[in-house]
Amino acid sequence: MYALLLHPGHNRVFFDRSKALSLAELEISIKSAENSSLKEICGTSYITFDAEMNDRVLTKLANLSSYMALFEIVDEGLLKPIAFPSKSALPDGLRSMLKYAGKTNENFTRMLINVAVGASDFSSDTKLCMLDPLSGKGTSLFEGLLMGMDVTGIEIGTKVVNEAALFFKRFLEAEKVKHRIKKDRVKTDAGLTDLIHYSYALEKDDFKREENLQRCTFAAGNSKHAHQMLKKNAFHVITADLPYGVQHSAVTAEKQSSFTRNPEALLRGCVPSWLELLKKGGAIAVSYNQNIIAKEKIDEIFTSNGLTVMGDEPYNSFEHRVDQAIVRNVSVGKKQ
287 MYALLLHPGH NRVFFDRSKA LSLAELEISI KSAENSSLKE ICGTSYITFD
337 AEMNDRVLTK LANLSSYMAL FEIVDEGLLK PIAFPSKSAL PDGLRSMLKY
387 AGKTNENFTR MLINVAVGAS DFSSDTKLCM LDPLSGKGTS LFEGLLMGMD
437 VTGIEIGTKV VNEAALFFKR FLEAEKVKHR IKKDRVKTDA GLTDLIHYSY
487 ALEKDDFKRE ENLQRCTFAA GNSKHAHQML KKNAFHVITA DLPYGVQHSA
537 VTAEKQSSFT RNPEALLRGC VPSWLELLKK GGAIAVSYNQ NIIAKEKIDE
587 IFTSNGLTVM GDEPYNSFEH RVDQAIVRNV SVGKKQ
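In the numbering used here, the protein residues as written are 287 to 622.
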């Protein structure tokens, strides 16, 4: 039996509800986990579970948003610390350095990614490609990079995209990570889209081999035309944090960004394009304000576009209150 010590960052934002979310994340991500449950040990919250432990499972556990430390429960209830395989995707400072109004909590963002991966047919793959078609300033992209993924983000505001790309460039330079940058432009029905491609490696020898490079792409364009910007069937998972409908209400239509759009109209207009980019067996996970759009509506949009909605437990365990105006939930669909 093992005991996962829960990360305190969840509790500050989601209060006690975060524990149930963390349990659902573990059950979706770690397929071999059995007898999982929440447990208080000497007044501290843990998830206890049985699993056959190996490096792949340990890496998945270390990538959980709820992970703080892992212990084996040995004789007489003693907790024996478990060492993890070394993690070297990028320095962890990437996830917390960029601050801005409306930024989604990094732990929840990582949870959303893990749920999408766990729902897909690719949860055992070692190298995944993730798309965030509403990427803002890159919170989900940076979480994906820290988890070892190749990531691509689309945001309609050129200024926002340039800010995210510049932040990432300065981070790589400050950390002395060897990298290259390539810029190009593609034509879509909405006009020209600028793309900024980063490829990098922590080790110099890896930088010489294309197969060892990690990649991040920032695209400044309308997500409705994502299929015209990027290679089809290229992504294992898609994650998106839909507009919550409570911020930037004074922004005009001419200056409207993806963050301010009506979530139902946005999904109906964009999901067909997004799904052209998703591999068969891939999954899409979206989070949203349930006070603005009902889960049933999201699931109906997924179903009408041919996705299989993951509607059973533990996928129905993610509803939680963020503040007085926002009750956040998650919907997950899989491309068959």
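These are computed hints drawn from the structure, not numbers from a lab. Keep in mind the model is a prediction, meaning the values are calculated, not measured. Glycine residues also receive a C-beta, built at the ideal position from the N, C-alpha and C atoms. There may be inaccurate statements among the hints.
Said to hold, decoys possible - With a cut-off of at most 16 Å between alpha-carbon atoms, the simulated EDC-like pairs for lysine to aspartate or glutamate come out as follows: (1) K517 / D436; (2) K490 / E449; (3) K413 / D470.
What the hints assert, rightly or not - Now the in silico label distances, taken between C-beta atoms and shown as ranges: (4) T444 / N321: 17 to 23 Å; (5) I467 / D341: 30 to 36 Å; (6) G567 / E497: 20 to 26 Å; (7) D378 / A551: 21 to 27 Å; (8) A487 / P371: 17 to 23 Å; (9) K366 / E489: 40 to 46 Å; (10) S590 / K490: 23 to 29 Å; (11) A369 / G597: 34 to 40 Å; (12) K317 / V613: 28 to 34 Å; (13) N577 / K517: 22 to 28 Å; (14) G592 / E461: 22 to 28 Å; (15) E562 / K462: 36 to 42 Å; (16) M287 / G555: 35 to 41 Å.
Restraint check for K490 with E449, where alpha carbons must lie at most 16 Å apart: Violated. K490 to E449 sits at ~27 Å, over the 16 Å cutoff.
Outcome of range test on Cβ distance (I467, D341; 30 to 36 Å): holds (33 Å)
Range hint compliance [Cβ, A487 to P371, 17 to 23 Å]: Hint holds: Cβ distance 18 Å, inside 17 to 23 Å.
Range hint compliance [Cβ, D378 to A551, 21 to 27 Å]: Check failed, 37 Å falls outside 21 to 27 Å.
Hint check for K517 and N577 - Cβ pair distance inside 22 to 28 Å: Violated: the Cβ-Cβ distance is about 36 Å, outside 22 to 28 Å.
Beta-carbon spacing of A369 to G597 - inside the hinted bounds 34 to 40 Å or not: Check passed, 38 Å falls within 34 to 40 Å.
17 to 23 Å as the expected CB spacing between N321 and T444, which holds or is violated: violated (51 Å)
C-beta pair G592, E461: status relative to the range 22 to 28 Å that was hinted: Because 42 Å falls outside the window, the suggested range is violated.
Hint check for V613 and K317 - Cβ pair distance inside 28 to 34 Å: holds (29 Å)
Restraint check for K413 with D470, where alpha carbons must lie at most 16 Å apart: Violated, at about 25 Å.
Pair hint outcome, K517 versus D436 [Cα-Cα no greater than 16 Å]: holds (14 Å)
Distance restraint hint 35 to 41 Å, applied to the beta-carbon atoms of M287 and G555: violated (48 Å)
Comparing the model with each earlier hint shows violations of hints 2, 3, 4, 7, 9, 10, 13, 14, 16; every other hint is respected.
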